[in-house]
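Q: Residues per chain, in single letters:
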Amino acid sequence: MTKPHRSRILAAFLVLLSYSVTPATGQDMMGLLVTATSSETEPFELSLEALDALDQVEFTTTTIWTDGETRFSGVPLKALLAHLGTVGSIVEMVALNDYAVTMPIAELEDEAPIVATRMNGETMSVRDKGPYWVVFPYDNDPKYSTETNYSRSIWQLNRLKVMD
Amino acid sequence: MVTSIWGSHMKTGLNGYRVAILAGFGLLVLLLGLMTTNLLSQLRDLSTAAGDNTQWSISQLDTEFANLNATLSDQLAKGDLSDEEVQLRIDIALSRLDIINSGRVRGVFGESKEAKTLITPLNAFADAAIAISDKPGPLTSSALRELRGIVQEVRPNVRKIALLGVSLEAEQSQQRRTVFAQQLARTGGIAIALLVLMGGLMLLLDRLLRRAARRDAELLTSSKLLTSTVAASLDAIVTADDSGKIVGFNASAEDVFGWAREEIIGLTMEDTFIPHRMRDAHHNGMNRYLKTGTPRVVDGGRVELAALRKSGEEFPVELNITSIEYDEGTKFIAYIRDISERKINEQKLIDARDRAERTDKAKSQFLTVMSHEMRTPLNGILGVLDLLKTTQLTPKQERYAQIATASSEILLEHTNEALDITRIETGTLQLTPQNFDLPELVRSLVDVLEPLAREKQLGLTLKIEEQVRMGFYADSNRVRQILTNLIGNAIKFTEDGRIGLKVSGIHGPVVSSVTFAVTDTGAGIALEHQEQVFEDFVALAHGEGRQTRGDGLGLSISRKIARQMGGDINLMSEVGTGSTFTLTVPMQRREEVPQADARVTDTRTEDRKSLTLLVVEDNNINRKVLGDMLEGMGHTVVEAVDGEDCLKKADSMPFDIIFMDISMPVMDGIEATRTLRADDGPNAQTHIIGLTAHGREEYREEAEQAGMDRFHTKPIRLDALYSIIAEVSALVHAPLGAAAPSDALRELSQALGQDKVSEIGERFFGELDIFFAQVRQGEFKDDTPALAEASHKVKGAAALLGQHDLEGPLADLERSARAGDLSALASRIEALEGIAKSTRAGFTDILANSAK
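So the sequences go chain by chain: A and B.
To convert, take the position in the first sequence, counting from 1, and add 118; that gives the numbering used here.
To convert, take the position in the second sequence, counting from 1, and add 262; that gives the numbering used here.
Check before you lean on any hint, since a few could be wrong.
What the hints assert, rightly or not - Computed Cβ-Cβ distance ranges for the label pairs, DEER-style:
no.	chain 1	residue 1	chain 2	residue 2	range
1	A	Asp228	B	Asp360	27 to 35 angstroms
2	A	Asp173	B	Ala453	43 to 51 angstroms
3	A	Asp228	B	Gly369	31 to 39 angstroms
4	A	Thr155	B	Ser435	33 to 41 angstroms
5	B	Leu292	A	Thr155	54 to 62 angstroms
6	A	Gly239	B	Ser435	33 to 41 angstroms
7	A	Asp228	B	Gly411	21 to 29 angstroms
Stated by the list, open to error - If you want the ones that stay clear, here's a sample from chain B, every Cβ over 10 angstroms from chain A, calculated:
no.	residue
8	Asn607
9	Phe628
10	Ala666
11	Gln1036
12	Gly1082
As the list claims (entries may be wrong) - A partial selection of chain B residues facing chain A, derived with a Cβ cut-off under 8 angstroms:
no.	residue
13	Thr316
14	Ser319
15	Glu326
16	Asn329
17	Leu350
Derived by calculation from the structure, the hints in this document are not laboratory data.
Heads up, the beta-carbon is just placed ideally off N, CA and C, and yes, glycines get one too.
Required output: the full structure, derived from the provided sequences and hints.
A: Here it is as C-alpha cells:
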C-alpha cells in the first residue's frame, strides 16, 4: 500500500530527528511510545521533556469526569504526529490498561485535541489519569461535547499507533 | 363628503389590520425565538449529556478491580511480576475510583443512599491500597495478600456500583427522554400555533390583497367612467383649485369658451372667461368662500351668469359649481352650459307671446266694445218695439213689429254670445247662482220655444221627473241659455217628428246632479262628427228655419259654460234616427241655501201704485224709451243725463226708485250712487237699480259696494220692468232693513196673536242671551258638537221668527262647529250680539206695525 520511495525519504528524515527521540527499548512509565505501521523504523518513545520541548497549547475547560474548571496544557496531537512525521490516516490511542480508541487523522485540528501533559500546571500521576490525557477544549465549542469525542478523550495514555 | 368619510373609515380599518399584522409578526418572532432556544438546548443536551460515556466509565471500575484482583493473584501465585507492574494496576484501579467520586459519574449516583453505602467501603479500600502501595521498599507477599483480601472484599460492592450506575443511568436517560418528549411536544405545539397564525396572517393578507385589487379595479373603472363622462359631457366642465387656477378643461369647454385646453390650463378663471365687470365680485366671492366657507354660488345649484369667450364676446351661461375638499385644499368644479341660444329663443317666445297676448287682448277689447256698442242701440230698438206693441196696430203692423222684435232678439243673442266667448277665453266668465224653481224654469222655456216648434209642425214635449220638481240654487240664466240653444238647435235641424226635453236627477248628499236630455228625431250626427259639433265655428249643416245662423258658436259656448258650472254636455246620436244632447249640471238643493234673498213675486197684476222715478241715462234714445215705458206703466218719471245731473235732481226731492246707468260721462253711476248713499239727502235710502250695457258681471261687485240695490243688463224689456217695479214697490214702503223678517213675523202674529208672538220673541231673545253667555264662558270650548247643536237650536228659533239676519250667521256658526273650526269664535259671537241687539229693537216695531 505504501510507496517504498516515500518510505525511504521518511526514514532518512526520522534519522535526522533521532537526537531528540530515543528508541523505545524498555518503556519508561512516563514515556509515550509512538509507532507507525507504515514505517520500518523503530517506534519512538517520547519523554515528558521531549513533549515539553514542542509547542504547547493550554486551555481551561470543564470535563464530565472532573469537578469544576480545569486547566490543561500539552502538545496538540496533530502537531505531535507532524513533528514525528508519521504517515497514516488513523491514529490509535492506547491507555495503560490497554483501552484503545481510534481517530481519523483528518479530523485532528490544530489545537484540539491535545495530549495534555499537565493538569492545573501539574504533571499527572497514573492515579490521577496520568501520564497523558487526550483532551478537547469541551467548553469552547459544543462540537467537542460528543460521545465520539468523549470516547477519544483517553486518559492514562502511553501509546500512539499511526495506521493507514 | 361621502368619499372622505368612506376614506377615513378605510384608514382606521387599515390601521387596525396593520396593528394586527405587526402584533402577529411580533408574536411569531417571539415564538420562533422560544422555539429556537428550546431546540438548541435540547440539541446540546442530546449531543452531550445523553451522549457521554459515563456508563462506560462506571463499568470500567468493575473491570479494573477484576484486573487488579487477577494481577494480585498472579503475583502471589507466580511472583514473576515487578513491583512497578503491580503498582500500575493499583494506580489504575484507584484512578477509576476517583472517576466515580467526581464529574458526571458522581452526578449519576447523586444523592442515592444505596450508592453512598456502596461507595464508602471503597474509599476505605483506597486509603488501605494507597498505604500499602506507597509503603517504601519492595512489596511483600503479605501486603499483597492483604490488598487482595480488601479487593476481594469490595469487589461485590464494585459490581453493585457498576450495576447501580447502569440502572440509574438508564433511569436518568429515561427521564431525559421524557423531558425531551415533553419539550418536543411543546415545540410541536408552538410550531402548530405558528402555522395556524401564519395561515391566519396569510388569509388576512390574501383578503387585504383581494380587497385592494378590487378597490383598485373599482377606482380604475370609476375613474375611466368619470374621465369619459367629463370628456363626453355636453356641458363645459372646468376644474379649478382654490387660487382660481384652472386645472381641468374638457372638450365642451373648448367649444364653449374658444380656449384650447393646453393654453388655458394654469391660467386663472378670473383672467380668462369671467367678464371684466364681474371679476371683482368673483374675486371677493372666492375669498369669502375660502375664508368663511359660506357659499353663495358654490354648491348653490344652478345659477345664470355671464361668461366671456376668448374672442371677447360675453354670453349667458347656466352654471353649477360644486366644491370638493381635498387634503391639500379645495377644488371647484364648474359645470357650464352655454345658454345664449336658449336665451335668444326664450326672448323670441316671450316676444311672440306678448304679441299674441296684445292681439288677443285687442280682440277681446274689440268684442267687448262692439258688444256694448251694439247693445246700446238694441236697447232703443227693443224698447221702442215693446212700446209700439202697446199701441193700436193693424194685424200687418203687428206682424212687422213681431218680426222686428224677433230679429232684434237674435241680434241681441249674438252680441251676448260674442261677449260670452270673450269671457270664456279671458277666463272672466262668472256664474251668478241664485234660487230658482226648476219646473218653472223649464216650463217657461218650453212655452217660449213651443211656437218655434209649432211653426215647423214639430211636437215639443216636456217631462219632469218627480224627484227634481223642486227649487235649486244655481245659475239659472246660464241653464236657460244652454237649454235654449240645445232646443233651438233641435228644432232647427229636425224636419219632422218631435223634440223632447226630459229633466231628471240624482240627489247626492249635498249637491244634486240634474240632467236635461234634449232628444230630436232629426237627421242625426255621424260618430266622427260628434265631437266636432262642440268646437268653435263649426256648423255641420245649415238649417232651413227662420233661426238659421252660421257662426256655429252655440254648442261650443254651451259646453264651455256647462263645464264651468261643473257639468257637461254629451251627445248620443245615430244617423237617420236622431240625436240626444244631454246637459248634466250639479246644483245645490234649495234647502241647503242659508239665506233666501230673491223672493220671486209674480208681477203685473200687483198694485199699480204710481211711483216717482228718476231715470239717469246719458243716451238720449234709451233715456227716452225707458222713460216712456215707465210712464206708460203709470209712474211719474224725472230724467237726468249724467251722475251730476242725478245728484242735482235727487237733492230737491225724494224718489221711490232711481234707474242708474253705470257708464256715463261727467260722473258715472257708481260714483253718483256712492255720493247719494253717503250724503244725508232725501234719496240716501232710495232703491237704486243699476243698468249696464256690459255683461252683468263686470260691474256687479263695484255696483253693490257703491250701494246699488239691484243690477240689470240692458236692454231692459217691458216685462222685466213690470216685475222689478212690483218687487221694489213691495219693499219701498216697509220700514228700512226689516223687509225680510216682516213677512214671517206678520204671518206668525196673524196666526198666533200679537201677544203670543211677543212672548215667544222675548223668550227667544232671552235664550239667545243665555247662548251667548255660555259661549263666552267657554262651555263649548272642547265640545264642538254641543256648540253645533246649540247653534242649530237657536237658528231654528230665529228662522221661525223670521229673524234672517240672525239665522244666517247662526247657520254659519253651526257649520263651523260641525267642521270643528272654532277660529275667531269670540269675534263672531260679538258680531252676533250686535245683530241681535238691532233685530231685537226692530222686532217690537214690526210687531206693532203688522198689527195695524
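Q: The hint says 33 to 41 angstroms between Thr155 (chain A) and Ser435 (chain B); measuring C-beta to C-beta, is that right?
A: 38 angstroms, holds
Q: Assuming the hint says 27 to 35 angstroms, is it satisfied by the Cβ distance from Asp228 (chain A) to Asp360 (chain B) or not?
A: 31 angstroms, holds
Q: Note whether the CB distance of Asp228 (chain A) and Gly411 (chain B) lies within 21 to 29 angstroms or breaks it.
A: 51 angstroms, violated
Q: In terms of Cβ atoms, is chain A entirely out of 10 angstroms range of Phe628 (chain B)?
A: 127 angstroms, holds
Q: Mind checking the hinted window 31 to 39 angstroms against the Cβ distance between Asp228 (chain A) and Gly369 (chain B)?
A: Once the Cβ atoms are compared, 32 angstroms apart, the range 31 to 39 angstroms for Gly369 (chain B) and Asp228 (chain A) holds.
Q: Can we keep the Ser319 (chain B) interface hint, with Cβ of chain A closer than 8 angstroms?
A: 7 angstroms, holds
Q: Taking C-beta pairs only, is Ala666 (chain B) more than 10 angstroms away from all of chain A?
A: 149 angstroms, holds
Q: Given Thr316 (chain B) was flagged as interface, is its beta-carbon under 8 angstroms from a beta-carbon of chain A?
A: 7 angstroms, holds
Q: Compute the least Cβ-Cβ separation between Gln1036 (chain B) and chain A, then decide whether it is above 10 angstroms.
A: Label holds. Min Cβ-Cβ 116 angstroms, cutoff 10 angstroms.
Q: Falls inside 43 to 51 angstroms, the C-beta gap from Asp173 (chain A) to Ala453 (chain B)?
A: Once the Cβ atoms are compared, 49 angstroms apart, the range 43 to 51 angstroms for Ala453 (chain B) and Asp173 (chain A) holds.
Q: Is the interface hint satisfied for Glu326 (chain B)? The criterion is a beta-carbon contact with chain A at less than 8 angstroms.
A: 6 angstroms, holds
Q: Confirm or reject: Gly1082 (chain B) is not an interface residue toward chain A, with every Cβ-Cβ distance exceeding 10 angstroms.
A: 104 angstroms, holds
Against the hints set out earlier in the document, a violation occurs for number 7 only.
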